[in-house]
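Trainee: Listed below are the residues making up each chain.
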Amino acid sequence: MNFPLNMKLKPKGLTGLLRGTMFAAAVASLAMMAGMADAQTLRAVKHSDLRVLDPILTTAYMSRNHGYMIFDTLYALDENLAPQPQMVDTHTVSDDGLTYTFTLRDGLMFHDGAPVTGADVAASIARWGERDGMGQVLMSFVDSMEQGGSPNEFVINLKQPYGLVIDSLAKPSSNVPFIMPKRLADTPSTEAIPEQIGSGPFKWVADEYQPGVRAVYEKNEDYVPRSEPASFAAGGKVVKVDRVEWVVMPDDQTAFNALQAGEIDYWESPPSDLLPILEANPDVTVKNLNALGMQTIMRPNTLNAPMDDVRIRQAAIASVNQKDVLDALVGNPELYNLCGAMFVCNTPLASDVGSETLVKGNGMDKAKALLAEAGYDGTPIVIMHPTDVGTLRTQPVVVAQAMRDAGFVVDLQAMDWQTLVGKRASQASIADGGWHMFMTNWVGADVFNPLVNNMVNGKGPDGGWFGWPDVPKLEELRTAYATAPTLEEQQSLAEEIQKIAYEQGVYAPIGQYFVPSAWSNNIEGVLDAPAPLFWNISKK
Amino acid sequence: MVLYIVQRILAAIPVMGFVALFVFLLLRLTPGDPAAIIAGDTATPDQLEAIRESLGLNEPLFVQFFSWIGQLLQGDFGTSILSGKPVLELIADRMEPTISLALTTIILSVLIAVPLGVIAAWKQGTLIDRFVMLLSVLGFSVPVFVIGYLMISAFSMQLGWFPVQGFKPIGEGLGQFFHRIALPTFTLTLLYIALIARITRTSMLEILGDDYVRTARAKGLPERKVLMRHALRNCSVPIITVIGIGFALIISGVVVTESVFNLPGLGRLTVDAVLSRDYPVIQAVILLASLIYVVINLLIDIAYVLLDPRIRYA
Numbered sequence: 078m079n080f081p082l083n084m085k086l087k088p089k090g091l092t093g094l095l096r097g098t099m100f101a102a103a104v105a106s107l108a109m110m111a112g113m114a115d116a117q118t119l120r121a122v123k124h125s126d127l128r129v130l131d132p133i134l135t136t137a138y139m140s141r142n143h144g145y146m147i148f149d150t151l152y153a154l155d156e157n158l159a160p161q162p163q164m165v166d167t168h169t170v171s172d173d174g175l176t177y178t179f180t181l182r183d184g185l186m187f188h189d190g191a192p193v194t195g196a197d198v199a200a201s202i203a204r205w206g207e208r209d210g211m212g213q214v215l216m217s218f219v220d221s222m223e224q225g226g227s228p229n230e231f232v233i234n235l236k237q238p239y240g241l242v243i244d245s246l247a248k249p250s251s252n253v254p255f256i257m258p259k260r261l262a263d264t265p266s267t268e269a270i271p272e273q274i275g276s277g278p279f280k281w282v283a284d285e286y287q288p289g290v291r292a293v294y295e296k297n298e299d300y301v302p303r304s305e306p307a308s309f310a311a312g313g314k315v316v317k318v319d320r321v322e323w324v325v326m327p328d329d330q331t332a333f334n335a336l337q338a339g340e341i342d343y344w345e346s347p348p349s350d351l352l353p354i355l356e357a358n359p360d361v362t363v364k365n366l367n368a369l370g371m372q373t374i375m376r377p378n379t380l381n382a383p384m385d386d387v388r389i390r391q392a393a394i395a396s397v398n399q400k401d402v403l404d405a406l407v408g409n410p411e412l413y414n415l416c417g418a419m420f421v422c423n424t425p426l427a428s429d430v431g432s433e434t435l436v437k438g439n440g441m442d443k444a445k446a447l448l449a450e451a452g453y454d455g456t457p458i459v460i461m462h463p464t465d466v467g468t469l470r471t472q473p474v475v476v477a478q479a480m481r482d483a484g485f486v487v488d489l490q491a492m493d494w495q496t497l498v499g500k501r502a503s504q505a506s507i508a509d510g511g512w513h514m515f516m517t518n519w520v521g522a523d524v525f526n527p528l529v530n531n532m533v534n535g536k537g538p539d540g541g542w543f544g545w546p547d548v549p550k551l552e553e554l555r556t557a558y559a560t561a562p563t564l565e566e567q568q569s570l571a572e573e574i575q576k577i578a579y580e581q582g583v584y585a586p587i588g589q590y591f592v593p594s595a596w597s598n599n600i601e602g603v604l605d606a607p608a609p610l611f612w613n614i615s616k617k
Numbered sequence: 067m068v069l070y071i072v073q074r075i076l077a078a079i080p081v082m083g084f085v086a087l088f089v090f091l092l093l094r095l096t097p098g099d100p101a102a103i104i105a106g107d108t109a110t111p112d113q114l115e116a117i118r119e120s121l122g123l124n125e126p127l128f129v130q131f132f133s134w135i136g137q138l139l140q141g142d143f144g145t146s147i148l149s150g151k152p153v154l155e156l157i158a159d160r161m162e163p164t165i166s167l168a169l170t171t172i173i174l175s176v177l178i179a180v181p182l183g184v185i186a187a188w189k190q191g192t193l194i195d196r197f198v199m200l201l202s203v204l205g206f207s208v209p210v211f212v213i214g215y216l217m218i219s220a221f222s223m224q225l226g227w228f229p230v231q232g233f234k235p236i237g238e239g240l241g242q243f244f245h246r247i248a249l250p251t252f253t254l255t256l257l258y259i260a261l262i263a264r265i266t267r268t269s270m271l272e273i274l275g276d277d278y279v280r281t282a283r284a285k286g287l288p289e290r291k292v293l294m295r296h297a298l299r300n301c302s303v304p305i306i307t308v309i310g311i312g313f314a315l316i317i318s319g320v321v322v323t324e325s326v327f328n329l330p331g332l333g334r335l336t337v338d339a340v341l342s343r344d345y346p347v348i349q350a351v352i353l354l355a356s357l358i359y360v361v362i363n364l365l366i367d368i369a370y371v372l373l374d375p376r377i378r379y380a
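Chains as they are written, first to last, in the working numbering: chain A, 78 to 617; chain B, 67 to 380.
Excised from the complex, chain A in its bound form (with noise of 0.2 angstroms):
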């Protein structure tokens, strides 16, 4: 009995060769095609997916690197964390100190053609003062904001001085202060503008936007960037590449795969399990961008027993050993350091003031004896773990087992990062399905100073931040720092701050860590930078 399909096995000898051959010249060709057609489009994998557009009503970070792309700010940061003018040429402040007169570039033009005018700016700044927590002290301090006596001049006027005006215009993170048209920074602040209309350096490809898949920018050959080198998030924005593509991956494999096989150039948050592998490809490179880093906390819950209790925060936070939470997380020491400084180590306000037991790690028996002081009963602290997010799912564990080692008794709740975004939001008491503690993550310039850092907000229930600490020498001491005239004065009040913070319990630092990018040595021009930014760079 003979099968057909039998026959259709048999090798083809010489024709198969050649069909063989064929095939893979085909798939080589397609694949050169594909490379040419490609030359000027640089393909970048971030951190996430871009969801929400408006950088204003979301802190989201994808929004803010959204925001760098298509809209510009008055000032930015160079590497020396030094404000300096992006679409502002000069300004001038009154004798009294209560008059900021701004005048605008020349050339600056929005996307849609109209020019980049005093109102503008007004409307954007106020809105960004609805939202942001810099902005809103800001805000606080001006009496009237418009555009002045020419269209590209812009005054704010102050009801008494404040001493960081230009530095909250240069805030690098999120809400960064970007500028865009009227008729869109018009709308209200819980609103999403409608259109992706700035003055940046690329346009915003809204045809080609897939959520989840893709978010394409051009380059706006408009734009008239600045004649100083670029820094940090300062200088000339001068675009050299046609098209930048953000791909989504949501697979690090797939997504190193694919910067190893040449198909994207850009990486900008490997896991650190595959740096080695990528450092010994030599035709990638590896490298932290933000020298800020990142912070990663442990937030209490002020309002709910026994965490209403400050000693029993401060033995939490004595039980912590941030050398464990950092090896866990992320193992390779060049890639953490050890870091009690509530507004990050290496920037002017850095202090180790109240952050002994966390960075040697020998707090564990002040925090029985704080334990045992306070009379804690065994009430189980409830503290969130995020399971589904690889960069907060480890500390929550690790805090956890220091805690029972000090005598807590833990009740580690397993959830999503949105259920988490949510909860947190609750100030119901336990048995409500209320919380004692979480964890997060900060970049370094969103914690940098008191003014932007959240977690040293004290204003309670009423206004504070998840957590909610009722400390009103904080909020003294905010103020104060708000006015200072002197870096001298500021250093000094916020090291008070820092001091306070810590004996509240309010929050802790448990490390600060790097997460490096990788890119196929094919680009260049890469910035050090608050956020990752495609301008300066070049595709060979």
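Think of the hints as simulated: they come from the structure by calculation, not from any bench. Everything numeric in this text was worked out from a predicted model, so none of it was measured. Watch out, some of these pointers could steer you wrong.
To give a feel for the contact side, a few chain B residues facing chain A, derived at Cβ under 8 angstroms [unchecked claim]:
no. : residue
1   : ASP99
2   : GLY106
3   : THR110
4   : LEU114
5   : SER149
6   : GLY150
7   : SER222
8   : MET223
9   : PRO229
10  : SER325
11  : PRO330
We treat Cβ as the ideally placed atom computed from N, Cα and C, and that holds for glycine.
Once you have looked at the hints, place chain B on chain A.
Mentor: Only chain B this time, still in chain A's reference frame:
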């Protein structure tokens, strides 16, 4: 038959209505707040409240439900809470990769698995049979992502024949399309070959022992005709069922394969929407998946009648 089809379509309406209500309530009772996700870390309670208000999330549940149903009846699936894009547009963008992968996988699987199953049954107990069974066990046992990574390692990283990831629409050229879809297709095909070949073999073994097969052979019919015309046709009902359900499974989303090969399909859209509590997108995708199951089940039932005239529906 026409009456039967009409009855089935009418019966699908309450099914879809129940799915709509169930999905709606399940989502609203799940922890998580899209307003908090949009607002980010620094939002005050007042700002959160204002965002909820602007999204209509503060309305009573029944108002939200009937508002959504009203929109659906007008063909409006709403807009994504996060991106602000119409949900239908989001789904339409993701349909081509998903349908492409489903079709290429099912076609290739059927072309390979049915003959393999027939041969395995015909040569029961021989090396060929054992090879097919081994392939089948491997296909079932090895996780899809392992097969995917092995494929990428061999054919992309080592040989450089295929790209590591991504999708090209068929409109950009057949070559580019097949170049990108090949590896994910091969990966999923292994699983479906295992499934279909096993069912084919089992069904064939039952049929090959029947009297009418013995009669056909006694009449002197060639073995090929006995196998293909008499045996295979009579055991096609379970095979068609497995193929249909397999197709529906791929259409509903194969998240792991889509993630490993970075295919922008419906599976990833669903998972992303769930993780970000994008209610309108989740609701629409689940309704669509339910509809696909209803339609495919209907098609399978119709195929039964065409393939086996003994089957009649009242």
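Trainee: Taking the hints in turn, state whether each one holds.
Mentor: Each hint, compared with the structure:
1. ASP99: Check passed: Cβ of ASP99(B) comes within 4 angstroms of chain A, closer than 8 angstroms.
2. GLY106: 3 angstroms, holds
3. THR110: Since chain A brings a Cβ to about 6 angstroms from THR110(B), closer than 8 angstroms, the hint holds.
4. LEU114: It holds, given that the least Cβ distance between LEU114(B) and chain A is near 6 angstroms, below 8 angstroms.
5. SER149: 4 angstroms, holds
6. GLY150: With a minimum Cβ separation of about 6 angstroms from chain A (threshold 8 angstroms), the hint on GLY150(B) holds.
7. SER222: The hint holds - SER222(B) has a Cβ within 8 angstroms of chain A, the shortest such distance being about 6 angstroms.
8. MET223: Since the shortest Cβ distance to chain A is 6 angstroms, the answer is holds.
9. PRO229: Holds - the Cβ of PRO229(B) comes within 8 angstroms of chain A, reaching about 6 angstroms at its closest.
10. SER325: 4 angstroms, holds
11. PRO330: 4 angstroms, holds
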